[in-house]
Amino acid sequence: MVSGVGQTIAGLRGEGRGWMILTIAFGWFLITGTMLALPALLPRIISEFSVSNATAGTAITLLWLVYGIAQFPAGLLTDRLGERKMLFWSMTIGVLVAMWFTFSSSFTVFLVACGLLGIVGGLFATPRITLLSQLYPDRIGTAIGAVMAAGNIGSAVLPIVVGFVATVLGWRLGFGTIIPLFLIAVIAVWFVIPGKTDAGDAAPDTPIREVITPLLQEVTSREVVLVTAGITLTFFTFQGLTAFLTTYLISMKGLDGGTAALLYGMMFAVAAIAQPIAGSIADYLGKRLILTLITGSYAVLLVVLVVTNSFVVVVPMVLLLGTQRGATPVATAYLIATLPEDIQGTGYGLLRSVFTSVSSSAAVIVGIFADADLFDAAFLFLAGISVIATLCYFLLPESELY
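Going by this note's numbering, the sequence shown opens with residue 20, and the numbers climb by one from there.
Treat the hints loosely; a few may be bogus.
Computed Cβ-Cβ distance ranges for the label pairs, DEER-style [said to hold, decoys possible]:
| id | residue 1 | residue 2 | range |
| --- | --- | --- | --- |
| 1 | V334 | F122 | 31 to 41 Å |
| 2 | G277 | V244 | 27 to 37 Å |
| 3 | S124 | S329 | 34 to 44 Å |
| 4 | M285 | R36 | 23 to 33 Å |
| 5 | G277 | E67 | 14 to 24 Å |
Once the Cα atoms are required to be at most 25 Å apart in a straight line, the calculated DMTMM-like pairs of lysine to aspartate or glutamate come out as [stated by the list, open to error]:
| id | residue 1 | residue 2 |
| --- | --- | --- |
| 6 | K272 | D395 |
| 7 | K272 | E67 |
| 8 | K272 | D157 |
| 9 | K272 | D392 |
Simulated from the structure, these hints should not be mistaken for lab results. Note that beta-carbon positions come from the ideal geometry of N, C-alpha and C, so glycine has one too.
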């Protein structure tokens with residue numbers, strides 16, 4: 020086992036790629052950690068601004084909606100400007116957004132900050148995948164899994180750090196602790212990511228209509244439609260769960276705020292372990308099998324979480340929910356492999372806009388359920404969505420992409 024891990028790390032570091040993947044991973048660590056710190060702070064936000072669960076859910080939905088919408092233009096810009104510039108501007112704007120959160124004086128200002136954070140994530144998400152596909156053409160599942168694992172480590176660590184500072188100094192200063200980390204990322208991207216990734220083969224002045232026509236032909240194939248539907252539904256369940264998991268554990272399972280926040284963070288620690296393992300296994304055993312197993316198991320875990328009130332059962336159920344994130348690098352690797360290299364950034368950006376924007380409604384929907392005293396029903400609804408996602412993955416065709 021140790022030998023296998025060592026070989027995986029050696030494969031990702033080889034040929035001078037180690038610092039690049041570390042820089043990409045650090046950027047994703049910051050973005051996902053900051054995004055997922057917001058749901059962990061929702062109880063404080065709801066209390067301070069005196070808003071309902073549904074209204075608070077609007078902030079999370081806005082974050083993910085803008086994040087999704089930004090994917091397509093980010094893909095277009097990546098094919099024209101290159102990955103380095105896109106990653107650099109994402110981290111630069113991230114510094115400003117962290118400052119904006121720090122000085123939020125009203126719920127409206129807070130909403131604007133959420134939207135801006137979505138832009139930061141959108142500018143980073145697409146070029147990080149296309150750059151990884153260039154760096155690791157034969158180990159793309161493993162590379163994506165490793166970077167996404169860093170994101171889950173951020174999702175485990177940053178909410179705890181921000182939450183601790185929030186307890187002592189307030190949630191605004193909690194976000195202030197992230198500012199210097201974004202500054203470090205800005206410097207790292209500029210000096211580590213090579214300029215050769217800029218200005219790819221696509222002509223900057225190519226008319227958009229000449230890009231869209233072949234793009235639409237590619238994204239309407241059976242494989243792309245099924246995997247995109249599966250990712251959309253999987254993202255929906257993830258966003259609905261994470262937006263209100265802490266609140267759910269407090270109000271429905273009787274946990275105190277500290278314990279709920281700890282379990283929330285530990286779930287992402289499990290996700291950080293699950294993602295590179297799932298990506299690596301799928302590179303060898305096949306992606307459809309792994310996707311079906313992970314997503315199907317997730318539905319079962321949600322049902323068990325709802326029906327039990329035993330603390331000794333709730334804890335492992337919450338932790339195991341983190342394994343759902345293992346499906347993301349596998350599905351992403353499958354999706355990116357179906358797209359021609361010359362429109363890879365644009366195509367992936369368009370599809371990310373679709374599944375991220377559609378799934379962004381989950382937070383509001385779960386919030387509406389919660390305000391109607393149907394919190395358990397909301398989580399059972401997410402379980403049903405996960406079953407449909409499992410079916411989409413199961414119907415993926417057998418092909419050489421596996």
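Hints, verified against the model:
no. : hint                      : result
1   : V334 <-> F122: 31 to 41 Å : holds (37 Å)
2   : G277 <-> V244: 27 to 37 Å : violated (44 Å)
3   : S124 <-> S329: 34 to 44 Å : holds (43 Å)
4   : M285 <-> R36: 23 to 33 Å  : holds (31 Å)
5   : G277 <-> E67: 14 to 24 Å  : holds (18 Å)
6   : K272 <-> D395             : holds (10 Å)
7   : K272 <-> E67              : holds (23 Å)
8   : K272 <-> D157             : violated (45 Å)
9   : K272 <-> D392             : holds (14 Å)
Of the numbered hints listed earlier, those contradicted by the structure are 2 and 8.
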